[in-house]
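**Student:** One letter stands for each residue in the lines below.
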Amino acid sequence: MNDKQTTRVQRSAEWLKNAADAENQFPSISVGGLVSRMGMYPIAAPITPMVFGELVNLIRRKSGLSIEQLALLANVDATDVERAERSFPVDAGLVQRLSDVLKLPADKMAQLAGVSELTDHELATAAKRFETKLRTPMILSTSEESALNEIMATMKS
Amino acid sequence: MAEKRTMTLNLTDSEMAVLEELAESKDLTKTAVIRQAIRLFQLVEHRIANGEKLFFENKKKKTSELMVL
Amino acid sequence: MSTQPIQIIRASDGELVEAKLYEGLRAVDLTLVERQWGSWRQELIRKLVGANVEQSKWPQSLHWDWSNKVSQLQLLAVQVNAIDYENEWQAAMVTDSITHRGLLEIQAGKPILYVDYVETAPWNWQVPEIGQSRRYRGLGELLMTNAIECSFDLGFKGRLGLHALPQAESFYVDRIGMTPLGKNPESYNLNYFELTEAQATMYLR
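Protein chains in written order, with the numbering used here: chain A, 1373 to 1529; chain B, 144 to 212; chain C, 4 to 208.
Treat the hints loosely; a few may be bogus.
Stated by the list, open to error - Calculated pairs, SDA-like style, for lysine to any residue (alpha carbon to alpha carbon, straight line, at most 25 Å):
#  : chain 1 : residue 1 : chain 2 : residue 2
1  : B       : K169      : C       : L107
2  : C       : K186      : A       : T1491
3  : C       : K113      : B       : N193
4  : A       : K1500     : A       : R1409
5  : C       : K113      : B       : L197
6  : C       : K50       : A       : E1454
7  : B       : K173      : B       : A160
8  : B       : K196      : C       : T102
9  : C       : K186      : A       : K1475
10 : A       : K1500     : C       : E57
11 : A       : K1475     : A       : A1525
12 : A       : K1505     : A       : R1409
13 : A       : K1480     : A       : A1450
14 : A       : K1500     : A       : L1490
15 : B       : K173      : B       : A192
16 : C       : K23       : A       : N1396
What the hints assert, rightly or not - Computed far set for chain B versus chain C, every beta-carbon distance over 12 Å:
#  : residue
17 : L152
18 : V161
19 : K204
Said to hold, decoys possible - Among the chain C residues that face chain A by a calculated CB cut under 7 Å, a handful are:
#  : residue
20 : V121
21 : T148
22 : T182
Hints listed in this document are in silico derivations from the structure and should not be mistaken for laboratory results. Note that CB positions come from ideal geometry on N, CA and C, so glycine has one too.
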């Protein structure tokens, strides 16, 4: 009961050159099943891409934690936290760990991060409102004012 | 491609009938069915050894059955 | 594991160079592959941010992070194949011969080789926004040729299935000749594509 043994196709130089030219017309060849299953490919682009990062940033500061402290508690790299706060794409594992430490519902945070599909309409509306508020120019906070004065003084001196 | 070894497989009539039926319905050779069975068996054993359980679920009947392997 | 000589194209002068195709690497080797690629990815992110490139234009596989994620892959059903040139991994592919069956009517329920992962090294990506072009070419075509051959080896007659990233969908349809089946419940929001025996034979011709 031997299977017919398939030998490897010998592609000619000409075939390869043509194929490579053809392949060059396409931006990517990435296949992502495995990556999706591992939570490394966002299920949907977040409709409010800034919200997750801003939320982590604000709640971290409200909890009196530095980036390094949050990273330590969540057992992740500080650069991961920093990147998340700057709205770089995140994976499901990071969302879970940060949510646990910051005592936020991980499923909703995953929706905001685009790791799972945003199905909660109320959350979507709230997220949009949050994002609009963050973008609206507002009066400087006391600490922003003092930090600004400090750097301006240095620049002028 | 990995090198292959040959073996003789002794099956009962009914086992052979099932093998032939699977080969027919899955569009595989009999060898390919056996090789597929080995991979499947290993996958199941590996996951069970890792503490997972195997369920069959029927969404229409809303039933799930635990397989004891 | 087996290796065989394979030719790839050096983009700078269009010359063919002798590379090696590894079949049946271990899962741990994929981690090594990804470790080689990781720092280049970080560098690309810095360049894209520096050039103010919109995130929607970034390569979609840019933020994959593989550390500690491949322990599930130590099975006969899962095979890692990769192309090496001068001790650098140029492209890699993971296939799974168990967990997926055909969905297209002509091959419904029949075993297919599910291509779980395909990626080229980040220096082989085309990122025009920051002026990066591919260093080696033809890698996707060679891996797909190899995937079809592996499917034949398994007795699957060239049948394949895969979930392509949006930026790669046209490659699998227009170039490889796969049939799009849309998104299925397990598709993680990626579109699913299948190759039939006839399409495989056509592609190998």
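**Student:** Which earlier hints turn out false for this structure, listed by number in ascending order?
**Tutor:** Violated hints (numbers, rising): 3, 4, 9, 11, 12, 15 and 22; every other hint is consistent with the structure.
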